[in-house]
Amino acid sequence: MFWLLLGIVILMLTSAVLVLVLDNLLAALAASSVVSLALALVFVILRAPDVAMTEAAVGAGLSALILVLALRRLGLVGVGGRRVGEGDDA
Amino acid sequence: MDAYIGPLLFLGAAGLLAIGVVGMLLSNHLFRMVLALVIAEAGVNLMLVLAGYRWDAVAPILQPGVAAQPMVDPIPQALVLTAIVIGVGVQALALTLVIRIREAYGTLDMAEVRARMEVDVAAAGGGEATGSRERPAGGRPLPGPGALPEPPR
Numbered sequence: 233m234f235w236l237l238l239g240i241v242i243l244m245l246t247s248a249v250l251v252l253v254l255d256n257l258l259a260a261l262a263a264s265s266v267v268s269l270a271l272a273l274v275f276v277i278l279r280a281p282d283v284a285m286t287e288a289a290v291g292a293g294l295s296a297l298i299l300v301l302a303l304r305r306l307g308l309v310g311v312g313g314r315r316v317g318e319g320d321d322a
Numbered sequence: 448m449d450a451y452i453g454p455l456l457f458l459g460a461a462g463l464l465a466i467g468v469v470g471m472l473l474s475n476h477l478f479r480m481v482l483a484l485v486i487a488e489a490g491v492n493l494m495l496v497l498a499g500y501r502w503d504a505v506a507p508i509l510q511p512g513v514a515a516q517p518m519v520d521p522i523p524q525a526l527v528l529t530a531i532v533i534g535v536g537v538q539a540l541a542l543t544l545v546i547r548i549r550e551a552y553g554t555l556d557m558a559e560v561r562a563r564m565e566v567d568v569a570a571a572g573g574g575e576a577t578g579s580r581e582r583p584a585g586g587r588p589l590p591g592p593g594a595l596p597e598p599p600r
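Heads up: the protein sequence lines correspond to chains W and S, in order. Each residue of the first sequence is one higher than the one before, counting from 233 in this note's numbering. Each residue of the second sequence is one higher than the one before, counting from 448 in this note's numbering.
Worth double-checking, as some hints may not be accurate.
[Unchecked claim] If you want the ones that stay clear, here's a sample from chain S, every Cβ over 10 Å from chain W, calculated:
id, residue
1, G459
2, V481
3, Q510
4, G512
5, V568
[Stated by the list, open to error] Stretch by stretch, here's where chain W covers chain S in the computed footprint (C-beta under 8 Å, at least three residues):
id, region
6, 482-490
7, 534-541
To be clear, the hints were calculated from the coordinates, so they are not data collected in a lab. Even glycine gets a Cβ: it sits at the ideal position worked out from N, Cα and C.
Please model the entire structure based on the sequences and the hints provided.
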């Protein structure tokens, strides 16, 4: 159990760092989703199944949806190396 | 190794909180600041659930006909449930502000937005901004060329 939790915590912290260092904002958003999903796993192990359900549905699903819609509104969505700079108006 | 699970998870929660706060303080892009806020929220939620956790207990679900066993504390769990939903609301509000800032100023660079906001606030108050990138406050000398890094685009 300890090693499983160690792996999950390492996954969580590396994705949290990736959120800050990734150049592509869509990839950073996906990394923040990974943090939420790993957190939901930790909640299951901590015997908080209701919190885990909410975290997976709201924290990973709804929040990622809101973020990606805002990203599209801002015109910053770029996939496959092509990145729309934030300087030009979309 | 089971004795180390609590400290490990506390370290993880503190790490998430630290990464989120550092990201909010150091990043110069408004959208990335919102993402860092999400990370910090996750760390706080994990820490709150850990506050009511005990290793030798079951999930706080009462069933008829089953003898009550030691349970983890359900109060922090209920509060965290609320905090998660409110966190998404706060996030949506922050994104709305980011979109409005982008519409007003045409940029998401924090330093530029702050400088132009100071000028706007001072103009609305009928005065002049106390300092700017070109004219530092208090008549301090300008740094030489190359002293300031170029703001990220």
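Structure-based check of all given hints:
no.: 1; hint: G459; verdict: violated, 4 Å
no.: 2; hint: V481; verdict: violated, 7 Å
no.: 3; hint: Q510; verdict: holds, 14 Å
no.: 4; hint: G512; verdict: holds, 20 Å
no.: 5; hint: V568; verdict: holds, 23 Å
no.: 6; hint: 482-490; verdict: holds (count 5)
no.: 7; hint: 534-541; verdict: holds (count 4)
Hints 1 and 2 from the list above are not met by this structure, while the remaining hints are.
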